[in-house]
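Peer 1: Listed below, chain by chain, are the residues.
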Amino acid sequence: MEPLIHLRRVSRSFGSLEVLREISLGLFRGETLALVGESGCGKSVTTKLMAALTEPSRGEVLWSGQPVAEMPRETMRLARLRLGYLFQGAALFDSLSVFENVAFGLVENGGHIKSEIEDVVHDHLRHVGLPAAAALKRPSELSGGMRKRVGLARALAVSPEIMIYDEPTTGLDPIMSDVINELIIKTANDRQMTSVVVTHDMNTVRRVATRVIMLSPVSRLGPGESQVLFAGPTQEIFEVDDPVIRDFVTGNAERRLEELAA
Amino acid sequence: MVSTLSWPIRAVGAAIIDGSTAAGDITLFARQVIGSAFGRWPRSHVLWPCCYEIGYRSMPVIMVTGVFIGMVLAVQSFDQLRAMRLENRIGSVINISLVKELGPVLAATMLAGRVGSSMAAEIGTMRVTEQIDALKALGADPVRYLVTPRFLGCFLLIPILTVIADALGMLGGWFLSTQVLGVSSYAYWMYSDSYVTAYDIASGLIKRVFFGGALASVACHRGFYCGGGAEGVGKAATEAFVYSFIVIMGIDFVLGVLLMNVQGLFSTVQATLV
Chain D
1 MEPLIHLRRV SRSFGSLEVL REISLGLFRG ETLALVGESG CGKSVTTKLM
51 AALTEPSRGE VLWSGQPVAE MPRETMRLAR LRLGYLFQGA ALFDSLSVFE
101 NVAFGLVENG GHIKSEIEDV VHDHLRHVGL PAAAALKRPS ELSGGMRKRV
151 GLARALAVSP EIMIYDEPTT GLDPIMSDVI NELIIKTAND RQMTSVVVTH
201 DMNTVRRVAT RVIMLSPVSR LGPGESQVLF AGPTQEIFEV DDPVIRDFVT
251 GNAERRLEEL AA
Chain A
1 MVSTLSWPIR AVGAAIIDGS TAAGDITLFA RQVIGSAFGR WPRSHVLWPC
51 CYEIGYRSMP VIMVTGVFIG MVLAVQSFDQ LRAMRLENRI GSVINISLVK
101 ELGPVLAATM LAGRVGSSMA AEIGTMRVTE QIDALKALGA DPVRYLVTPR
151 FLGCFLLIPI LTVIADALGM LGGWFLSTQV LGVSSYAYWM YSDSYVTAYD
201 IASGLIKRVF FGGALASVAC HRGFYCGGGA EGVGKAATEA FVYSFIVIMG
251 IDFVLGVLLM NVQGLFSTVQ ATLV
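Residue numbers (the working numbering), protein chains in the order written: chain D, 1 to 262; chain A, 1 to 274.
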């Protein structure tokens with residue numbers, strides 16, 4: 001089966017800092033892929049490469065087999081609408097109201113009359129559990145959980161096939177984290193959505209993911225070592241014997257503290 | 001020893017390379033923005049707030065700047081003109097300086113501080129909070145959505161603002177010259193009229209249009225490619241002002257030389273025809 005998104009031997013550096021080294025991975029239709037790994041291992045950069053929000057230093061990104069780098073600008077702009085992206089801090093437009101934020105993709109890409117846009121916005125606000133009155137608020141008036149839900153409504157409003165969640169539960173209390181996890185599951189089920197979830201939260205991984213990829217920071221790699229520490233079904237990552245993976249999954253910091261002390 | 005000696009050479013080389021790279025980057029960015037400005041016109045709900053911010057909100061500062069430029073020119077030139085018994089001609093000195101040189105440059109510099117830094121900080125904040133990525137993800141072109149309206153606002157309104165600054169500078173110069181320094185009002189305007197030519201006004205206007213476009217391109221570029229965090233945004237705002245100032249001075253010099261040669265050419269042709 002051809003992956004919807006394929007990263008082929010992709011590397012990405014920022015100046016002299018190498019964040020990704022020769023990563024190859026595919027995202028397949030219908031799955032929910034969790035990208036995990038310690039801070040700085042390049043999870044968010046990987047999703048930005050997947051969404052063509054940044055370009056690889058080396059290697060190739062393919063959407064349904066087509067190299068993104070070879071796509072004409074307008075084709076890429078339209079193809080990008082197949083992807084929804086929930087940013088880490090929600091990235092709501094400060095100068096616009098919640099309604100305008102959710103409607104943004106529809107207004108910007110045209111083809112919808114005003115009443116249609118209103119219906120879509122209210123449907124999506126309802127889908128993420130926000131009251132209609134929230135539509136009039138400004139992003140600065142919202143809590144962290146509400147911002148994430150508005151970000152999700154905005155991403156879903158353009159009816160994407162693939163949804164990318166960048167640390168959807170970071171900074172939220174356990175109850176709100178669970179609300180977001182439920183929304184990810186509901187969205188994936190209701191819309192047969194393919195999803196990528198970047199997270200540190202193993203509870204989120206256990207609840208929402210069907211497959212997991214764990215990355216290692218490039219700085220920890222030995223010669224010839226792959227940056228992908230684990231790739232497999234969700235259940236397997238919780239049963240692996242590898243001490244590095246086990247420590248990450250269980251949140252055991254002993255070995256790291258010893259390393260730091262040494 | 002060799003490395004000690006080569007250090008200044010390397011430092012100068014690195015500065016030249018960095019400067020050339022930045023100039024090239026800004027030029028390519030400006031080309032993209034100009035291309036976009038001549039393509040689809042930005043939506044009115046995006047364009048008008050930019051025009052309001054750049055034009056209307058800059059009026060008080062530009063008016064105060066204009067008045068003071070005129071008055072300072074009057075104070076500075078009066079003594080020297082009086083020494084030559086030419087104080088009645090102060091109007092021509094003030095108004096030529098205002099229309100051709102000081103008016104456009106000082107007003108554009110003031111606007112680089114007020115408008116340029118604010119644009120760089122605003123776009124920079126959007127960069128670090130991933131709002132620019134969000135625009136792309138939602139199918140919008142960030143250059144067309146964020147930069148083009150600001151470019152058009154500066155390109156169209158900065159010339160108008162600097163003309164207002166000039167007008168107030170003339171009045172400021174007139175007020176100080178006639179009410180404080182005792183120059184006759186008739187002489188002030190008569191000599192202004194006889195020395196300031198249409199070509200001076202036109203060359204001043206040409207400069208203003210370039211200043212507006214350059215200011216917007218530089219400021220938006222610094223914001224668009226700003227580094228991470230609050231530090232990156234602060235740096236972008238400072239760089240927007242510093243780079244704009246350098247670019248304004250550079251354009252002023254190049255256009256000054258160019259327009260002077262064009263004027264010389266016109267005079268030669270006119271003399272030949274006569």
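Warning: the hint list may mix true and false statements.
The following label-pair restraints were derived from C-beta to C-beta distances [said to hold, decoys possible]: (1) D:243 x A:24: 48 to 58 Å; (2) A:230 x D:129: 25 to 35 Å; (3) D:186 x A:40: 48 to 58 Å; (4) D:250 x A:230: 29 to 39 Å; (5) A:48 x D:240: 26 to 36 Å; (6) A:40 x D:200: 38 to 48 Å; (7) A:113 x D:22: 27 to 37 Å; (8) D:236 x A:34: 53 to 63 Å.
With the Cβ distance kept under 10 Å, some of the chain A side facing chain D (calculated, not the full set) [stated by the list, open to error]: (9) 27; (10) 31; (11) 44; (12) 139; (13) 232; (14) 235.
Derived by calculation from the structure, the hints in this document are not laboratory data.
We treat Cβ as the ideally placed atom computed from N, Cα and C, and that holds for glycine.
Peer 1: Which of the listed hints are broken here?
Peer 2: The structure conflicts with hints 3, 5, 7, 9, 10, 11, 13 and 14, although it agrees with all the remaining ones.
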